[in-house]
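Hey, can you piece these two chains together into the complex? The hints should help.
The lines below spell out each chain.
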Amino acid sequence: MITLKIAFRNIFRQKRRTFLTILTMFGGVTLCSFSIGWMDGSYNYIIDMFTRYQLGHIQIHRQGYIDRPSLYDTIDDYSVVASSIESAPGVTRTSPRLYAAGLVSVGDKSAVSRLIGIDSQLENAATLFDRKITSGRPFSRDASREAVIGVGLAKRLAAVVGDTIVVVSQGADGSIANDAYTVVGLISTGDPASDQMALYLELADAQELLVLDGRIHEIAVVADDLHGVRRLASLLQEGLADPGLVVEPWQVFARAFYDAMMADKAGGWVMLMVIVFVVAIGVLNTVLMSVLERTREYGLLRAVGTRPRQIFWLVIIEVCIMAAVSVALGCLAGWGLNYWLSIKGIPMPFEFSYGGMEFTHAFTEVNTRSFVIPIVVVILSAVVVSALPALRAARTAPAEAMRTR
Amino acid sequence: MSANHSDAVVVTKGVTKEYSDHGIPVLAVRGIDLEIKTGEFTAIVGPSGSGKTTFLNLISGLDRVTEGKIWLNGKPLSEMSGRELSDFRRDNIGFIFQAYNLIPVLTVTENVEYIMLLQGLSAEERHRRVQTMLGELGLDGFEKRFPPQLSGGQQQRVAVARAIVAQPALVLADEPTANLDSQTAIELIDRMRYLNETHGVTFIFSTHDTKIMERAKRLIVLKDGRIDSDEVRE
Ligand SMILES: Nc1ncnc2c1ncn2[C@@H]1O[C@H](COP(=O)(O)OP(=O)(O)OP(=O)(O)O)[C@@H](O)[C@H]1O
Ligand SMILES: [Mg+2]
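Quick note, the sequences are listed as chains H and F, same order. Going by the working numbering, the first sequence wraps up at 405, each residue one higher than the last. Going by the working numbering, the second sequence wraps up at 1234, each residue one higher than the last.
Okay, chain F solo, but in the shape it has when bound (with noise of 0.2 Å):
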C-alpha cells in the first residue's frame, strides 16, 4: 500500500488513540486518515483538546496508536519494537518541543551535534553541519553558550538547528512559538518556512496563533479528534 504513495512522508490510516482518565475513556483522535508529502510545510490547528499533541505524537512514534496504522517514509511504526522506534526516531524525525527543548548541561554546539553523535557521525562531518545549521538560523558566535544564557527565541531556533542538523524526512513541532512574543514567534516560523524552501525539509507544526497559521502551505484544522477541514493555500 505505502508503494502507491511514493512522496508521502507520512500516512494515516484510520488513526485512533484512546486514553483513560481515571478508568475514564477519552478518544483523543477518531480515525485519521491523512497524507503529508515530501516538502510540504504544514500547520495542525484546532481548539484546545482537539487532538493536536496526541496526533503529533503518533505520527513521530512518540506513542502508539490505538487503531489505524501509521506509515513514515513507507514504514508501518505499528510494526517496529520499541528499541527500532526509538533508532526509527533518531534517524527519520526531528523534534521541536514548546519548551525543554535543550539539555541544559550541553552547549550550543553539543546540542546540536547530540543525534549525529547517537548516529556516530564523524567529527568533521558533525563540526561542518553544525557550523552551516549555525550560519542559517543566525547563531554565529552562540556556539560555546549554554541553554540558561540565551533568550527564549534563540533556545527554540537552536532546537530547530538540533531538529533539521541529522537531515530527518519529517521534522514536528509541537507549538513550538508558544513560548515566544508575537514579533519573535513570526521571526522563528518565518526562518523554518526558509528552511523549508531552500532545503526541502518537511515541516508539521500546531499552533494555536493566527499569525503562524498565515505562515503555513497546508492548513488542516482538528476539531475533538476529527480533521475538521484541510486546505493547500498559495
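So here's chain H without its partners, still in its complex pose (with noise of 0.2 Å):
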C-alpha cells in the first residue's frame, strides 16, 4: 500500500524523465501495432487479392483431387452443392470449373495447355475474369465455340485475337476429343505460370468435348471475409451430404502460397525485435539513473526495516504504471492509425495492376494481434529490463548508502 504511494509519487518527481520514459514505451506500443496491421493489412490485401479474384478463398474437390487431379474425379450434381453452398452464410459466390488436359494447334503451331472450362456469367461475377482480359473481349453471352487464352500460350502459338484454334483431348468415355474454336480475347491473370497454358472454354462446351455433361471438378468460394474462411470452410464441409466432397480453405489447397506468404511474413519480426530493442535500451537507461540516484532513499527504508522485496517492488511497480500510461496511450494511437490507414490506405510509391486489378494504395488492418503483441512485449521488456536495477536497489547496503563521507 505504502510501497505503491511511493510508486505512484516517485513518478511524478522527475518529470522530464518520467515523459521521456512514456514518450519511448508510447513510441514502442504505437510503432508496434502500427507494423503488426500495416504488415497484417499488406499480407491480408495480397492473400485476398489471390484468392478472391483467381483460386477463390474456399475449394471444393472430390476426395484425392487436388494431391492426383484426374478427369474422372467429379463433382456430379454440381447445382445441387453450389445452391446449398451459397445459401450458407458468409458465402459471397461461388463458381464451377472443369479441368482437363490438350494439345492445341493455331496454324502449323502446337502447344501443350489446360483446358479450363467455367460458366463465364459466374466467373465474371466471382473474380472479375472479364477484367483481366487483355485484347480482344470476354465470352459473349451465348457463347458457343469461342475460346479465351493465356497471354503466354498465345505467345507460344503466335495466337491472335480472331485466330482459329484446334484442341485435342480425350473424352471421359475414351473418345478422342476434338474441335474448333474461335480465340475471341487473350487473358492476363497475373499469374504468368497459369497463363502459359491456360485455354479457357465456356463450361457448356468444355463438357461437350471431353463428354463430361453436367459435371466438373471444382467449386470456387469466394467468402465475404477472407478472415473467417477456415472456419466457414469446415462449416461447408459439414453442410455436404457427399461424404466424398472437401471443402479446403486457401491455406489447404494453395499451400505453396500460404507457405511463401508465412515465410515473408516472418520478416516483419525483425522490425519488432528492433523496436523491443530501443524502448528496453530506453526505459533501462531511465530505471537505472533513478535507481542511483535515490541510493540513499532505498538506504534510509532498508535501514529502518523495509524488505528487499519491498524495494524491489518499489521500482518494478513505478515501471509498471509508467508502463500502463504508455501502452494504453501507444494502443488509442496505434488502433486510430491502424484504423485511419485501413479506410484511407497508404499511397503506393508506384502503381501496378495484377490480374485485372489495379494496386495503387496499401490497407492497414486492426486486429487483436496489433494490440496483444505490443502490449504483452512492451510490457514485458520494461519490466524484464527493470529487474536488474531493482534488485540492486532492494540490494542497498544501509551502511553504506547512510555514510555522509
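Treat the hints as calculated values from the structure; they're not laboratory data. Wrong hints could be hidden among the right ones.
Claimed, not checked - DEER-style ranges, computed between Cβ atoms:
(1) Pro1148/F x Glu400/H: 45 to 51 Å
(2) Lys5/H x Arg1083/F: 21 to 27 Å
(3) Leu292/H x Thr1016/F: 28 to 34 Å
(4) Leu292/H x Glu1018/F: 24 to 30 Å
(5) Pro1148/F x Phe277/H: 35 to 41 Å
(6) Leu292/H x Asp1224/F: 33 to 39 Å
(7) Leu292/H x His1199/F: 35 to 41 Å
(8) Lys1217/F x Phe19/H: 52 to 58 Å
(9) Arg1233/F x Lys5/H: 42 to 48 Å
(10) Lys1037/F x Val384/H: 50 to 56 Å
(11) Gln14/H x Pro1076/F: 40 to 46 Å
(12) Gln14/H x Val1026/F: 33 to 39 Å
(13) Val383/H x Ala1099/F: 29 to 35 Å
(14) Lys1075/F x Lys5/H: 31 to 37 Å
By construction, the Cβ of each residue, glycine as well, lies at the ideal position given by its N, Cα and C atoms.
Have a look at this one:
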C-alpha cells in the first residue's frame, strides 16, 4: 500500500525523465501496433486479391483430386452442391470449373495446354474474369465455340484474336475429343505460369468436348471476409451431403502460396525486435538513473526495516505504472492509425496492376494481434529490463548508503 | 550471559570491525566492551575516523561485526539472518541520521507513520501516535507538508518523531545535529533529552560539538576504534 503510494509519487519527481520514459514506451507500442497492422493488412490484401480474384477463398473437390487430378474425379450434381453452399452465411459467390489437359494448335504451331471450362457469367461475378482480358473481348453471353487463352499461351502459339484454335484431348468415355474454337480474347490473370498454359472454354463447350455432361472438377467459393475462411470451410464441409467431397480453405489447397506468405511475414518480426530493443534500452537507462540517484532513500528504507522484496517491487511498480499509461495511450494511437489507414490506405510509391486489379494503395488492418503483441512485448521488456536496477535497489547496503563522507 | 544484564539494552563484547580499503585492512573498531542501560542518554564522541559511525552501525544491526558479539535486548545480533535483522531493526531501533532522513515524496505524517505501516498497526493507532508525537516535537500544522518544504531543524524533528513513534528499545543518532546551526542543534538535542526524561527513551548519539556533548548523561570517547574514556555525568 505505502509502497504503491511511494511508487506513484516517484513518477512525478522527475517529470522530464518520466515523460521521456513514457514517450519511449508509447512510441514502441504505437510503432509495434502500426507495423503489425500494416504487415497483416498488406499481406492479407495480397492474399485476398489472389484468392478472391483468382483461386477462390475456398475450393471444393472430390477427395484426392488436389493431390492427383483425374478427369474422372468429378462433382456430379454440382448445381445442388453449389446452391446449398451459396445459401450458407458468409459465402459471396461460387463458380464451377472443369479441368483437362489437351494439345492445342493454331496454324502449324502446337502446344500442350490446360483446358479450363468455366461458366463465364458466374466466373465474371466471382473472380472478375472479364476484367483480366487484355485484348479482344470476354465470352459473349450465349457463347458457343469461343475460346479465351492466356497471353503466354498466345505467344507460344503466335495466336491473335480471331484465330481458329484446334483442341485435341481425350473424352471421359475414352473417345478422341477434338474441336475447333475461335479465339475471342487474351487474358492476363497475374499468374504468368497459369497464363502460359490456360485455355478457357465455356463450361458447356468443355463438357461436350470431354463428354462430361453436367459434371465439373471444382467449385470455387468466394467468401465475404478473408478472416473467417478456415471456419467457413469446416462449416461448409459439415453441410455437405456427399462425404466424398472435400472443402478446403486457401491455406490448404494453395499450400505453397500460403507457406511463401508466412515465410515472408516472418521478416516483419525483425522490425519488432528492433523496436523492443530500443524500448528496452530507453527504459533501462531511465530506471537505472533513478535507482542510482535514490540510493540514499533505499538505504534509509532498508535501515528502518523495509524488506528488500518491498524495495524491489517499489521500482517495478513505478515502471509498471508508466508502462500502463504508455500502453493505454500507445494502443489508442496504434488503433487510430491502423483504423484510419485501413480506410484511407497508404499510397504506394508506384502503382501497378495485377490480375486485372489496380494496386494504388496499401491498407492497414485493425486486429487483436495489433494490440496484444505490443502490450505484452512492451510491458514484458520494460519489466524484465527493470528487474536488474530493482535488484540493485533491493540490495542497497544501508550502512554504506547512509554514510556521509 | 544476557541474563546477567536484565536492564541492559545493548551489550557488546570484544566488538571488532575490519574494513578493507583497496585490499589494505583498516581496523575501524578494535575490541569494544560496552553496556548501555535502559533510559540512558549517551554521547559517543571522538576525532574523525575514530570509529563512531562504524560502532553505531554495528550495534544497530546495519552492519556485521568482524569479531566479537552484540546483544540487543538480550538477543545476539550475529545469529540473525538478514531478514530477521531487518525486522528486528524495524521493531527495536529508531534511526536518526545526519541528513536524508526522510522520504521526499511522503508527507510529514506519512514519513512518521511509515514504520508503523510496515508493522501493520491499525489506522487509528497510527493516527493517535502520530498526532501525539508531532505535538511533542512542535510540528503541529506541518502534517501535510513534504520534507523539501521544511527547514533543516524541522526535518530533523520529523526524523526524531519517526525514530521514536514505534516505541523502539533504542534510538541511534549519528551526528543528528551536524547539519544544523548551533541554536537549532541545541534545540533538537534538548527535545531529545526531554523525550528521554519524560518517556524513558534510550538514546545513543554521536557528535563533534562540545555544546551538544554537554547535554549527554554519559560520555564515551573513542580513539582509534577503542574506548578512551567512559564517564557518567550528572
Ligand atoms: N566502508 C569502508 N571501507 C573502508 N574503510 C572504512 C569504511 N568505513 C569506514 N572506514 C574507515 O574506518 C575508520 C572509522 O570510520 P568512521 O566513519 O566509523 O569514523 P567516525 O568516527 O564516524 O568519523 P567522522 O567523525 O568523520 O564521522 C576510518 O578510518 C574510515 O576511513
Ligand atoms: Mg561518522
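Q: Kindly indicate which numbered hints from before are broken by the structure, ordering the numbers from low to high.
A: Result: hint 1 breaks, nothing else.
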